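Engineer: Following the hints, put chain B in place on chain A, whose structure we already have.
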Amino acid sequence: NAGVMQNPRHLVRRRGQEARLRCSPMKGHSHVYWYRQLPEEGLKFMVYLQKENIIDESGMPKERFSAEFPKEGPSILRIQQVVRGDSAAYFCASSPSTGRTTGELFFGEGSRLTVL
Amino acid sequence: QQQVKQSPQSLIVQKGGISIINCAYENTAFDYFPWYQQFPGKGPALLIAIRPDVSEKKEGRFTISFNKSAKQFSLHIMDSQPGDSATYFCAASDILTGGGNKLTFGTGTQLKVEL
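Top to bottom, those sequences are chains A and B. Numbering-wise (the working numbering), the first sequence opens with residue 1 and increments by one. Numbering-wise (the working numbering), the second sequence opens with residue 1001 and increments by one.
Pulled out of the complex, with its shape left as it was, chain A reads as follows (with noise of 0.2 Å):
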């Protein structure tokens, strides 16, 4: 599959638990974002990420979230101590790295967090 491949596709916490989100990019995509919906709400953009490099995360709440995309490996959204209004699908895309793309993001199929 050389999709976006995200895992897991769903995650049950308990406040106060961390949450680690995992996202691998298409094959030769060096761009990854992240971003959350909630219950009939839009995707709303948290960060972007290059590989070792966060770009631009003002998206992300100033507390509890954090965002790494690793020389190697897959990008990881960091959730700790969480509560019941993390609750949300995460979703990562990404995109290829080649000067001026075409715009196209490509997305996974997101993880799913219920926090109880």
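Because the hints were derived from the structure by calculation, they are not lab data. Where hints are given, some of them may not hold.
[Stated by the list, open to error] Pairs of lysine-lysine, DSS-like flavour, derived with a Cα cap of 25 Å: (1) A:K44 x B:K1005; (2) B:K1058 x B:K1005; (3) A:K27 x B:K1042; (4) B:K1071 x A:K44; (5) B:K1057 x B:K1112.
Predicted model only: the values in this text are computed from it and were never measured.
Structural biologist: Relative to the frame of chain A, chain B by itself:
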């Protein structure tokens, strides 16, 4: 601050009819306007996109109309089919530092096409 406003929130269309979804944006720096289609439990997938140098783009049954002066764009689905039933998101973007493409999404329109 919502930079892309989308309407209607939901839409019911008869099979064979025309579905129309509208979006308006505020940021004049936006230079790429895609529409994404999302089925339940799936990620969004690009349907069709337009740049501001053209006023219309058609791909099969899907057409984007773009009005730069009014800062509005719309999706028309001709001959709507039950398989078109999904949530549709408009979006807009400008290029980020580093060449990336940060999309700002509308709130979505749930389309249901009835037989």
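Engineer: Given the hint that K1057 of chain B pairs with K1112 of chain B, does the C-alpha gap stay at or below 25 Å?
Structural biologist: Cα-Cα ~23 Å, so holds.
Engineer: For the pair supplied as a hint, K27 of chain A and K1042 of chain B, is the alpha-carbon distance within the 25 Å limit?
Structural biologist: The given pair, whose Cα atoms are some 20 Å apart, holds under the 25 Å limit.
Engineer: Within 25 Å, alpha carbon to alpha carbon, are K1071 of chain B and K44 of chain A?
Structural biologist: Distance of about 21 Å is within 25 Å: holds.
Engineer: Would you mind confirming whether the straight-line C-alpha gap from K1058 of chain B to K1005 of chain B stays at or under 25 Å?
Structural biologist: 22 Å, holds
Engineer: Are K44 of chain A and K1005 of chain B close enough, with their CA atoms no more than 25 Å apart?
Structural biologist: 13 Å, holds
The structure shown violates none of the earlier numbered hints.
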